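Per the numbering used here, the very first residue in the sequence shown carries number 1228; after that it's consecutive.
Among the clues, some could well be false.
Unchecked claim - Label pairs and their in silico Cβ distance ranges:
| hint | residue 1 | residue 2 | range |
| --- | --- | --- | --- |
| 1 | Lys1239 | Lys1266 | 40 to 48 Å |
| 2 | Lys1298 | Asn1269 | 22 to 30 Å |
| 3 | Gly1264 | Glu1352 | 31 to 39 Å |
| 4 | Gln1380 | Lys1239 | 39 to 47 Å |
| 5 | Lys1373 | Asn1302 | 14 to 22 Å |
| 6 | Lys1329 | Lys1298 | 32 to 40 Å |
| 7 | Lys1361 | Lys1266 | 31 to 39 Å |
| 8 | Lys1377 | Lys1265 | 32 to 40 Å |
| 9 | Phe1299 | Gln1380 | 35 to 43 Å |
| 10 | Asp1236 | Val1384 | 41 to 49 Å |
| 11 | Asn1269 | Lys1239 | 14 to 22 Å |
| 12 | Ser1240 | Lys1329 | 25 to 33 Å |
| 13 | Asp1348 | Lys1368 | 14 to 22 Å |
| 14 | Asp1258 | Asp1236 | 15 to 23 Å |
Said to hold, decoys possible - DSBU-like, lysine-lysine: derived pairs with alpha carbons at most 35 Å apart:
| hint | residue 1 | residue 2 |
| --- | --- | --- |
| 15 | Lys1377 | Lys1239 |
| 16 | Lys1336 | Lys1235 |
| 17 | Lys1360 | Lys1235 |
| 18 | Lys1361 | Lys1277 |
| 19 | Lys1279 | Lys1239 |
| 20 | Lys1277 | Lys1360 |
| 21 | Lys1336 | Lys1360 |
| 22 | Lys1265 | Lys1365 |
| 23 | Lys1239 | Lys1336 |
| 24 | Lys1313 | Lys1265 |
| 25 | Lys1279 | Lys1235 |
| 26 | Lys1266 | Lys1239 |
| 27 | Lys1298 | Lys1266 |
| 28 | Lys1368 | Lys1336 |
| 29 | Lys1330 | Lys1277 |
| 30 | Lys1377 | Lys1361 |
| 31 | Lys1368 | Lys1329 |
| 32 | Lys1330 | Lys1235 |
| 33 | Lys1298 | Lys1277 |
| 34 | Lys1373 | Lys1277 |
| 35 | Lys1266 | Lys1313 |
| 36 | Lys1313 | Lys1360 |
| 37 | Lys1336 | Lys1373 |
| 38 | Lys1298 | Lys1313 |
| 39 | Lys1373 | Lys1298 |
| 40 | Lys1369 | Lys1277 |
Think of the hints as simulated: they come from the structure by calculation, not from any bench. All figures in this text were calculated on a predicted structure; none of them were measured in a lab. C-beta: ideal position from N, C-alpha, C; glycine also.
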Amino acid sequence: MSKMVVDKDLDKSIEDRLDILHLYFQQALNDGTIQDGKKMLNEAERLELKNKASLLLANVLFTEDLVQQIKFYRNLLLRFCMNDAKAQRHLLGGIEQKVFSKKDVLLPKTAHIIKALYDNDICDEEVLISWGKKPSSKYVKKDFAKEMIKVAQPVLVWLEEAEEDSESDENEDLAVAFDDRSRTIGTIVEKKDEEKNGPVKGSDDKDDDDVDIDNI
């Protein structure tokens, strides 16, 4: 009987299956089982909606306390979003819709929302940066998406700069590795100006700059 039900649901349109999953999440929220991530994921996978489920979760889970709820539901959201850029983008779309529905309260908090998604490892920085560069009309009106991105700019700029610093560090690590390899095979590595001017003084280490989210 169970197999017949599964087959029947999969014969339905994606819109109908989304409705089924949305109702399932809503009932789970009402009866207190929504935090059973494995159970929620199993139902999404049964309906072949794994990476679209995060859109529905945003609708069901989030209220005006969205920033705090990202941390509260972290484990559940990770079930769907970890290492899945499409699921992360659908989650951002669901958040766009939620912010639009409560824009007086949530729009000013957009930077805090994006920072919370990053801090809790829900969305990768590449996904967040891409979201900030390409406003879409898929989930809300494009003008509103642009407005959200504008409010989130302090965090988006900080993320982009952090990514650039990370890439620079990776390039330096590659240069050091190549230098070490050169020595092992007997290649003379020139040290420019070292004998002439003495050892090059390195700049003092600095703590990574962090965005002052409370001033946004």
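Evaluated hints:
no. : hint                          : in the structure
1   : Lys1239 / Lys1266: 40 to 48 Å : violated (21 Å)
2   : Lys1298 / Asn1269: 22 to 30 Å : holds (24 Å)
3   : Gly1264 / Glu1352: 31 to 39 Å : violated (23 Å)
4   : Gln1380 / Lys1239: 39 to 47 Å : holds (41 Å)
5   : Lys1373 / Asn1302: 14 to 22 Å : violated (32 Å)
6   : Lys1329 / Lys1298: 32 to 40 Å : violated (19 Å)
7   : Lys1361 / Lys1266: 31 to 39 Å : holds (34 Å)
8   : Lys1377 / Lys1265: 32 to 40 Å : holds (39 Å)
9   : Phe1299 / Gln1380: 35 to 43 Å : violated (26 Å)
10  : Asp1236 / Val1384: 41 to 49 Å : holds (44 Å)
11  : Asn1269 / Lys1239: 14 to 22 Å : holds (18 Å)
12  : Ser1240 / Lys1329: 25 to 33 Å : holds (29 Å)
13  : Asp1348 / Lys1368: 14 to 22 Å : violated (30 Å)
14  : Asp1258 / Asp1236: 15 to 23 Å : holds (21 Å)
15  : Lys1377 / Lys1239             : violated (39 Å)
16  : Lys1336 / Lys1235             : violated (42 Å)
17  : Lys1360 / Lys1235             : violated (41 Å)
18  : Lys1361 / Lys1277             : holds (24 Å)
19  : Lys1279 / Lys1239             : holds (16 Å)
20  : Lys1277 / Lys1360             : holds (25 Å)
21  : Lys1336 / Lys1360             : holds (19 Å)
22  : Lys1265 / Lys1365             : holds (29 Å)
23  : Lys1239 / Lys1336             : violated (38 Å)
24  : Lys1313 / Lys1265             : holds (19 Å)
25  : Lys1279 / Lys1235             : holds (20 Å)
26  : Lys1266 / Lys1239             : holds (21 Å)
27  : Lys1298 / Lys1266             : holds (20 Å)
28  : Lys1368 / Lys1336             : holds (19 Å)
29  : Lys1330 / Lys1277             : holds (28 Å)
30  : Lys1377 / Lys1361             : holds (12 Å)
31  : Lys1368 / Lys1329             : holds (15 Å)
32  : Lys1330 / Lys1235             : violated (39 Å)
33  : Lys1298 / Lys1277             : holds (21 Å)
34  : Lys1373 / Lys1277             : holds (28 Å)
35  : Lys1266 / Lys1313             : holds (21 Å)
36  : Lys1313 / Lys1360             : holds (16 Å)
37  : Lys1336 / Lys1373             : holds (15 Å)
38  : Lys1298 / Lys1313             : holds (20 Å)
39  : Lys1373 / Lys1298             : holds (25 Å)
40  : Lys1369 / Lys1277             : holds (26 Å)
Hint compliance for this structure: hints 1, 3, 5, 6, 9, 13, 15, 16, 17, 23 and 32 are broken, all remaining hints hold.
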